[in-house]
Each structure stands twice: as structure tokens, then as C-alpha cells.
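Engineer: Going down the list, the protein sequences come from chains A and B. Numbering-wise, numbering that gives the first Met the number 0 puts 203 at position 204 of the first sequence, and it's gapless, one number per residue. Numbering-wise, numbering that gives the first Met the number 0 puts 170 at position 171 of the second sequence, and it's gapless, one number per residue.
Since the hints were derived computationally from the structure, they do not count as laboratory data. Treat each hint with caution, since some may be false.
Covered stretches of chain A, as calculated for chain B (at least 3 residues, CB under 8 Å) [unchecked claim]:
1) 134-147
2) 159-169
3) 199-212
All C-beta atoms, glycine included, are put in the ideal place defined by N, C-alpha and C.
There are 2 protein chains.
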Amino acid sequence: MCLSPALLHLYDTKDAVVVIIDVFRATSTIAAALHNGAKSVIPVATVPECIELGSKTPNSITAGERDGKVAEGLQYGNSPSEYPTEFIKDKTLVLTTTNGTRLLHMVKDAAVIITGSFLNLQAVSEFLMGQNKNVLLGCAAWKDRFNMEDTLFAGAVVNAVKDSFSINCDSARAAYHLYQRTEGDDFISFLMDSSHYIRLSAYGLEKDMEYCSTPNLHPVVPILKGKELLIHS
Amino acid sequence: MCLSPALLHLYDTKDAVVVIIDVFRATSTIAAALHNGAKSVIPVATVPECIELGSKTPNSITAGERDGKVAEGLQYGNSPSEYPTEFIKDKTLVLTTTNGTRLLHMVKDAAVIITGSFLNLQAVSEFLMGQNKNVLLGCAAWKDRFNMEDTLFAGAVVNAVKDSFSINCDSARAAYHLYQRTEGDDFISFLMDSSHYIRLSAYGLEKDMEYCSTPNLHPVVPILKGKELLIHS
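Given the sequences, and given the hints that come with them, work out the whole structure.
Structural biologist: Following this line, the structure appears as C-alpha cells:
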């Protein structure tokens with residue numbers, strides 16, 4: 000398990016399943032959009048790339064935030080609540096986020112790349128147990144800094160899959176201990192004392208974070224095929 | 000709080016108090032040697048530097064391990080039990096370790112650098128509360144990987160000083176949660192499920208690790224003055 004993109008070089012991702020984790024909020028939004036019927040989600044690194052790809056892609060929408068607001072030149076933000084079925088069905092979501100997208104593009108040689116969040120916790124865990132491969136849980140973190148929400152989610156996955164895997168690093172063990180500190184999967188109460196919660200609360204995003212901390216509302220496994228995230232079936 | 004030397008660049012150490020943490024076993028050995036009467040401890044990065052400095056320093060001994068054994072050309076190892084008073088009193092210990100020494104030399108602009116371990120937990124905590132400065136708890140980790148023992152110690156420090164400081168990063172919060180998972184300061188039981196414990200057990204070092212996990216056996220604060228670690232008085 001990798002706590003920050005700055006530590007990714009320490010891990011062997013070759014032929015592994017890598018789970019990209021960016022709970023607040025990229026990988027939550029990806030699960031919601033796909034579950035609600037988006038044709039695909041294309042993660043891109045920058046706002047200009049997002050605009051360019053959006054203009055080339057039929058029936059697409061461009062989305063992304065910087066500093067808690069829709070980025071200039073884009074149409075929508077980075078909240079799962081912006082993508083209900085009646086809006087997103089059959090559209091391609093071109094999404095730019097900083098931390099999650101960066102990590103996703105850093106992983107080069109994995110067998111499989113999927114994205115995980117509390118919204119698809121069980122689906123991701125079951126997928127991992129069915130793969131018979133090494134797994135790397137990769138936290139997007141925040142500007143390379145350890146963050147609580149991604150690590151807590153990793154701990155919830157460790158808890159769910161622990162009987163099917165051997166744990167071979169202390170970060171996975173520590174994540175599991177964090178998970179054990181939550182009560183009855185009340186993740187949001189635990190996460191209220193975290194840097195990202197405090198930061199995003201200043202933008203009035205408490206409801207968004209509560210939504211992102213609710214297990215299994217969008218039980219799909221987004222899997223990277225080429226440059227697109229699609230539902231694994 | 001910094002979980003790995005590979006993340007140190009994310010933190011501002013200017014004018015801060017930095018606590019170097021390498022529980023298994025460099026900073027434990029440093030606390031033991033100084034408390035048992037060593038004149039000073041000089042941390043160096045490499046075996047050749049250790050040999051050279053040892054040859055130049057009167058009444059010194061050279062020490063360091065590689066792969067759990069005394070390194071070739073040096074006299075002693077990296078176990079606190081090797082440095083009782085009758086042996087170490089008034090001597091200078093020239094010590095080479097990989098992870099702890101490297102981190103110590105990476106910190107350039109701190110106001111104060113001290114070393115911490117369970118053996119001097121309370122002394123370090125009281126020192127920090129008396130300084131009125133920002134504090135960075137810096138884990139030596141293992142080859143840049145997060146490790147359990149250094150983070151757990153950081154959590155024990157957070158617990159001890161939390162009423163005197165505001166916590167402004169998720170790693171310190173997570174370390175505190177880890178500490179909360181221990182029972183009655185029985186640190187060694189908690190640490191038995193950790194990578195370093197498993198690795199060092201293969202060298203028969205269980206007693207060493209148990210010793211290093213015992214709080215407050217060597218209640219001194221090793222502080223860096225020039226190139227030497229001395230007892231803060």
C-alpha cells in the first residue's frame with residue numbers, strides 16, 4: 000500500500016492490480032458518474048487538456064475544480080452529486096483532478112488499474128479477491144502529503160480482503176488500524192478531524208464529503224481501458 | 000509529522016524543533032549510550048567515515064551494523080544493550096546507521112535537532128513542551144518506506160504533548176490513532192505485527208526490540224551540537 004505518489008517508486012506495480020484512491024472526491028465522482036450511466040470517464044491532468052479533449056469528444060462534458068470551484072473554461076465541478084442519471088447517462092465525462100489523475104498516470108506497468116472509494120468499497124474488494132494477483136492500494140494523497148480519507152479507505156479494503164491476502168507492508172497494517180478506530184462504518188465522523196475535511200468545509204462541501212463517505216452507494220468497478228475508465232463487467 | 004525521509008521536502012523545518020526517530024534501533028542506542036555516560040555520539044553516514052572518524056577521535060569506539068551484523072571494519076553493533084555504563088562511560092561513540100543518520104543529515108535549517116525513542120519518550124515530550132516552537136516529528140522509516148515503530152512513537156509523543164500544540168497534519172493524527180490502538184503502553188505487543196520486527200527477529204533480535212519498546216528507561220534528550228549528539232541539560 001502506497002501512502003503518497005511521492006513514494007510510488009518504492010513499489011513494484013508490474014503485473015499487479017493497482018487501486019487508485021482519491022476519496023475527496025475524484026474517485027467518488029468517477030464511481031457515481033459511471034454507476035449513473037456515463038459512457039466513460041476520461042481522466043486528464045490539466046484544464047487545457049480537458050477543454051481540448053472535450054471539444055473533440057461527441058456528447059461529452061468537461062469537469063474539474065481548482066481551489067474548490069469549477070475551473071475556468073470547464074462546465075462542471077468535481078462533486079458526485081452533479082452527475083445524476085438524468086444528466087450523465089450516455090455522456091462521456093472528461094474529468095481533470097490534480098492528485099488522483101496524477102497518480103493514475105504515474106502507474107505505468109500494472110496489469111489492471113481500477114479506482115476505489117467508499118461508494119464502491121464492496122465492489123472493489125470483491126474484484127480484488129477475484130483477481131489472484133498482487134494488489135497495490137495507491138492513495139492520491141494531497142500534494143504528496145499523507146491524507147486520512149484515502150488511507151482510511153485503504154484500511155477498509157484491507158479489512159474486507161484480509162482473509163484472501165497476506166499483508167506485506169506496514170502502511171497497509173497502519174491503514175487497517177485506522178479502520179479499526181471507526182465505529183460501525185461511520186467514516187464521516189472519523190474524517191471530520193482531517194485536513195481535507197477542514198479545507199473543503201471552508202467551501203461549504205460538508206454534504207459532499209458525507210456522501211463520499213457512505214459505503215456502497217455506487218457498486219461498480221471503474222477499470223482503465225486505454226485512456227478511459229469504464230465499468231468492469 | 001513526516002512519515003518518511005522521501006517526504007521531508009514537503010515540510011518547513013526552518014526554526015523548528017525536529018525530532019529524529021529511528022526506534023529500531025539508532026535513536027534507542029543513542030539514548031542508552033548517552034544516559035550511560037558516553038561523552039557524545041557522532042552519527043555518520045557510511046562505514047568508511049565511521050572508521051576514519053574513529054581513528055581520529057581519542058577514546059572513541061566505532062559502531063554500526065549492516066544486515067543485522069557488525070559492519071566490517073567496525074568494533075560494535077547497533078544494540079542499546081552493548082553500551083552499559085562500565086563500557087561506554089566517557090567514550091565517544093561514532094555510530095553509523097542507514098535510515099536515522101540519513102534523515103538527521105537531511106535536515107538543514109532547523110533551530111534544534113534532537114533524537115527520540117520510547118526509551119526517552121517522556122524526556123523528549125517535556126523538552127518539546129518547553130520550547131515554544133513548531134515541531135516536526137521525523138520518522139527515519141526503512142529505505143524510505145513508512146514503518147510502524149517510528150510512527151507509533153510519534154503517536155505517543157502526540158499523545159503526550161497534544162494539550163500544548165495544535166496538530167496540523169493528517170500524519171500526526173494517524174500516528175495518534177495508532178497509539179490509541181496500543182493497550183497500557185504495551186508497545187512491543189503492538190509492534191510484533193510489523194515489517195521491522197519480523198525482519199530483525201530473523202537475526203534473533205527480539206530482546207533488543209523489546210528493550211527499545213520500553214518507555215523511559217533512558218530519560219535524556221540527545222541534542223545535536225555541531226556534529227555531536229550530547230545530553231541537553
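Engineer: For every hint, state whether the structure bears it out.
Structural biologist: Each hint tested on the structure:
1. 134-147: holds (count 6)
2. 159-169: Coverage by chain B holds for the segment 159-169 of chain A (3 residues, Cβ < 8 Å).
3. 199-212: Violated - the segment 199-212 of chain A has 0 residues with a Cβ nearer than 8 Å to chain B, which falls short of three.
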